[in-house]
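Q: Construct the entire structure; sequences and hints are all you get.
Okay, so the sequence shown: first residue is 50 according to our numbering, each after it adds one.
It is worth saying that the hints were derived from the structure and are not from the lab.
Certain hints may be false.
Said to hold, decoys possible - The calculated label-pair distances, taken between Cβ atoms and stated as ranges, are:
| # | residue 1 | residue 2 | range |
| --- | --- | --- | --- |
| 1 | ARG174 | ASN125 | 28 to 34 angstroms |
| 2 | LEU55 | VAL105 | 19 to 25 angstroms |
| 3 | GLY178 | THR98 | 20 to 26 angstroms |
| 4 | VAL91 | ALA116 | 16 to 22 angstroms |
Just so you know, even glycine gets a beta-carbon here, dropped at the ideal spot from N, CA and C.
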Amino acid sequence: MILSTLHTGDVAQAIHRVVDVYPTTQQTQVNQQLSLSLSAIVCQQLVPTADGTGRVPAVEVLRATYAVRNHIRRGNLDRVYNELLGGRSCGMTSMEQSLAELLRANVITADEARVRSSRLDELERILAG
Numbered sequence: 050m051i052l053s054t055l056h057t058g059d060v061a062q063a064i065h066r067v068v069d070v071y072p073t074t075q076q077t078q079v080n081q082q083l084s085l086s087l088s089a090i091v092c093q094q095l096v097p098t099a100d101g102t103g104r105v106p107a108v109e110v111l112r113a114t115y116a117v118r119n120h121i122r123r124g125n126l127d128r129v130y131n132e133l134l135g136g137r138s139c140g141m142t143s144m145e146q147s148l149a150e151l152l153r154a155n156v157i158t159a160d161e162a163r164v165r166s167s168r169l170d171e172l173e174r175i176l177a178g
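A: Right under this line is the structure:
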């Protein structure tokens, strides 16, 4: 098993970052290899707690399901987020879902949740439902 860290905002950016290291002529092969070897991607942000005494992790988790592997192999990384949203039964969660859960539990403030979200419309949709 290999664990690695990258500084990216979400799981799709992490995949882009890995693939973009290679020359364009090799990226199709890298997508193929990555799709076969990837198990999961976890994106984490440490968010200040509502009471100001510490920080709590908000996490985005993408598991390499058949559909996710297929999107990576084909270079359709824009479709990975949809798999993430539909993958809760497989243990996946979006950053917005994680932030919403922390907010509902009064662990973080609404302002912090909004600042940390890269998809504010999705966060608002989750909070409204």
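Q: Now, for every hint given, state plainly whether the structure supports it.
A: Hint by hint, here is what the structure shows:
no., hint, verdict
1, ARG174 <-> ASN125: 28 to 34 angstroms, "violated, 23 angstroms"
2, LEU55 <-> VAL105: 19 to 25 angstroms, "holds, 21 angstroms"
3, GLY178 <-> THR98: 20 to 26 angstroms, "holds, 25 angstroms"
4, VAL91 <-> ALA116: 16 to 22 angstroms, "holds, 19 angstroms"
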